Amino acid sequence: MIKITGVTKRYGKIVAVNNLDLHIEKGEFFGLLGPNGAGKTTLIKILTTLSRPDSGTLTINGHDVTKDLVHVKASVGLVPQHTNLDMELTVWENLELHGLLFGLPKKERRQTIEELLTFTELTEHRQRLAGSLSGGMKRRLLIARALLHRPRLLFLDEPTIGLDPYTRRKIWDLLKSMNNAGLTILLTTHYIEEAAALCNRVALIDHGSIVALGSPSELKNMIGSYVVVYDDQGVTRYNFFSDREAAVDFARQITQNVTIRETNLEDVFLRLTSHPVAE
Amino acid sequence: MRGLYAVMWRELLVLRKRLWKTLAAGSISPVLYLTAFGWGIGRNVTMGSGNYLHFIIPGIIALTVMNNSFSGVATPLNISRHYSKTFEEYLIAPVSNLCLALGKAAGGILRGLTASAVVLVVSLLFKVHLHLNLWFFITLFVSSFAFASMGVLAGMVIRSHEDQSNFNTFVLLPMSFLSGTFFHLDLLPTPLASFIKLLPLTHVAIALRSIATDQVTPYASLGVITLFALIFFLAAVFSINRYREI
Numbered sequence: 001m002i003k004i005t006g007v008t009k010r011y012g013k014i015v016a017v018n019n020l021d022l023h024i025e026k027g028e029f030f031g032l033l034g035p036n037g038a039g040k041t042t043l044i045k046i047l048t049t050l051s052r053p054d055s056g057t058l059t060i061n062g063h064d065v066t067k068d069l070v071h072v073k074a075s076v077g078l079v080p081q082h083t084n085l086d087m088e089l090t091v092w093e094n095l096e097l098h099g100l101l102f103g104l105p106k107k108e109r110r111q112t113i114e115e116l117l118t119f120t121e122l123t124e125h126r127q128r129l130a131g132s133l134s135g136g137m138k139r140r141l142l143i144a145r146a147l148l149h150r151p152r153l154l155f156l157d158e159p160t161i162g163l164d165p166y167t168r169r170k171i172w173d174l175l176k177s178m179n180n181a182g183l184t185i186l187l188t189t190h191y192i193e194e195a196a197a198l199c200n201r202v203a204l205i206d207h208g209s210i211v212a213l214g215s216p217s218e219l220k221n222m223i224g225s226y227v228v229v230y231d232d233q234g235v236t237r238y239n240f241f242s243d244r245e246a247a248v249d250f251a252r253q254i255t256q257n258v259t260i261r262e263t264n265l266e267d268v269f270l271r272l273t274s275h276p277v278a279e
Numbered sequence: 280m281r282g283l284y285a286v287m288w289r290e291l292l293v294l295r296k297r298l299w300k301t302l303a304a305g306s307i308s309p310v311l312y313l314t315a316f317g318w319g320i321g322r323n324v325t326m327g328s329g330n331y332l333h334f335i336i337p338g339i340i341a342l343t344v345m346n347n348s349f350s351g352v353a354t355p356l357n358i359s360r361h362y363s364k365t366f367e368e369y370l371i372a373p374v375s376n377l378c379l380a381l382g383k384a385a386g387g388i389l390r391g392l393t394a395s396a397v398v399l400v401v402s403l404l405f406k407v408h409l410h411l412n413l414w415f416f417i418t419l420f421v422s423s424f425a426f427a428s429m430g431v432l433a434g435m436v437i438r439s440h441e442d443q444s445n446f447n448t449f450v451l452l453p454m455s456f457l458s459g460t461f462f463h464l465d466l467l468p469t470p471l472a473s474f475i476k477l478l479p480l481t482h483v484a485i486a487l488r489s490i491a492t493d494q495v496t497p498y499a500s501l502g503v504i505t506l507f508a509l510i511f512f513l514a515a516v517f518s519i520n521r522y523r524e525i
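Those sequence lines, one after another, are chains S and Z. Once you know that position 156 of the first sequence is 156 in our numbering, the rest is easy, because the numbers rise by one and skip nothing. Once you know that position 189 of the second sequence is 468 in our numbering, the rest is easy, because the numbers rise by one and skip nothing.
In short, the hints are calculated from the structure, not lab data. Errors might be hidden in some of the hints.
Stated by the list, open to error - Think about it this way: if two alpha-carbon atoms lie no more than 30 Å apart in a straight line, the pair counts; the simulated DSS-like pairs of lysine-lysine are:
id, chain 1, residue 1, chain 2, residue 2
1, Z, Lys296, S, Lys107
2, S, Lys67, Z, Lys364
3, S, Lys138, Z, Lys296
4, Z, Lys364, S, Lys3
Since the structure is predicted, the reported quantities are computational estimates derived from the model, not experimental observations.
Use the sequences and the hints to build the structure in full.
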């Protein structure tokens with residue numbers, strides 16, 4: 001579905017994306033995980049035609065992203081990091097504008113808007129100005145808008161940033177049901193549990209390159225399934241082990257407070273990227 | 280072309296939502312100029328063939344159409360690029376740069392023309408009878424197209440809201456007062472007058488005045504305004520093109 005080959009993007013001296021290769025299959029729920037400034041948003045911008053790569057090729061369904069703009073634009077939807085709704089327009093008007101911009105015929109447009117309002121539970125708020133919605137409703141409206149032209153691929157850039165845990169889980173359910181219905185989804189996040197909960201495959205990206213790629217469990221096995229965490233004179237140390245016995249043997253030698261637990265995606269992240277995710 | 284309809288649909292919708300505010304905001308300064316310079320100072324002043332009001336009303340319409348057409352696009356476009364980021368929604372849509380520039384300019388044209396209409400109505404209240412024919416409205420339309428295109432260009436190129444208001448202060452405000460809007464350019468030193476004759480607003484003031492008071496069709500000035508309109512519009516399309524390359 002998505003084929004990225006040798007893509008590089010520089011902003012002046014900064015290399016945002018560095019000779020990156022990535023293939024994403026149809027129907028995948030794919031996560032791009034990485035610290036701030038790793039190049040996730042730049043990659044999404046290139047894939048949605050908002051930015052051009054300096055070199056390399058990208059195709060979506062066999063169509064070149066830098067050349068076949070009309071086809072690419074029609075087949076992808078974007079939920080941006082920034083809430084870029086038109087705050088002077090109502091919920092319905094925001095959707096209508098999107099439908100008009102994408103050239104949907106009136107009957108189809110109106111019908112799909114109704115379906116998506118129901119799907120995102122915004123029907124009763126249709127006449128409210130976008131500016132007056134709560135954070136969770138704005139996110140749902142962004143998702144409804146991105147789905148309106150029936151894209152086959154959805155990009156979400158930090159879709160649950162700044163949302164409370166309840167609202168976040170509601171958005172997760174929405175995304176899962178869309179993926180189950182056959183939509184290919186690519187999301188960026190630095191909420192690690194989000195990637196763990198949703199994605200069937202994850203790429204860890206740092207300094208514009210992929211440092212690890214695989215399912216969440218494959219990534220955990222990569223660094224060891226068990227971790228011993230202990231305190232070494234105020235510094236927290238992590239030691240990774242492939243089996244439980246080795247971890248227990250090691251823990252016996254530690255005199256300080258010690259924890260043995262299964263590895264999680266956050267451990268992988270901290271181990272393989274250069275700086276912590278929460279700066 | 281369907282993209283053009285979508286972009287214009289939004290501009291019309293927003294204009295309709297705050298029609299009264301836009302009308303009031305767009306006409307407050309022309310009405311103040313009219314009152315202070317025309318009615319206050321100029322009541323007993325005569326200029327050539329007629330009274331001063333006849334002289335300055337075309338000038339005030341010219342600066343009104345400039346300021347409203349320009350700011351009606353430049354400011355919202357700047358905000359939508361830097362703050363609300365709604366411009367991204369247009370960029371990801373399959374809409375050509377030409378339609379995008381034209382649709383956004385249409386918003387400015389509409390604001391420029393409605394504000395000018397208010398000045399015309401007010402001038403009737405002042406009992407000033409201008410000679411209005413088709414050429415007058417053609418001039419008004421081409422002028423608003425030129426300044427709205429300049430607004431698209433500025434909105435795409437200027438990097439912050441602060442610089443935007445600096446542009447208004449250093450370019451539009453001096454142009455409003457100096458481009459033969461309130462007085463004859465012959466009164467200025469020749470080098471300055473020659474420079475001012477290169478500015479688009481000068482030709483709008485000259486053209487509107489010669490139609491409205493002297494009943495002469497100003498083909499030369501109309502040609503200059505049309506040329507400015509084409510240059511600004513092409514530059515506006517080009518600026519969107521360049522923005523996409525980044």
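Comparing the hints with the structure gives:
Between Lys296(Z) and Lys107(S) the CA atoms are separated by roughly 25 Å; this keeps the pair inside 30 Å, and the hint holds. A hinted pair counts as satisfied when its Cα atoms are at most 30 Å apart, and Lys67(S) with Lys364(Z) qualifies at roughly 24 Å. Our distance criterion of 30 Å between C-alpha atoms is met by Lys138(S) and Lys296(Z), whose separation comes to about 21 Å. Restraint check: the Cα-Cα separation between Lys364(Z) and Lys3(S) comes to about 28 Å, which is no more than 30 Å; the hinted pair holds.
Figure legend: structure checked against the earlier numbered hints; every hint is met.
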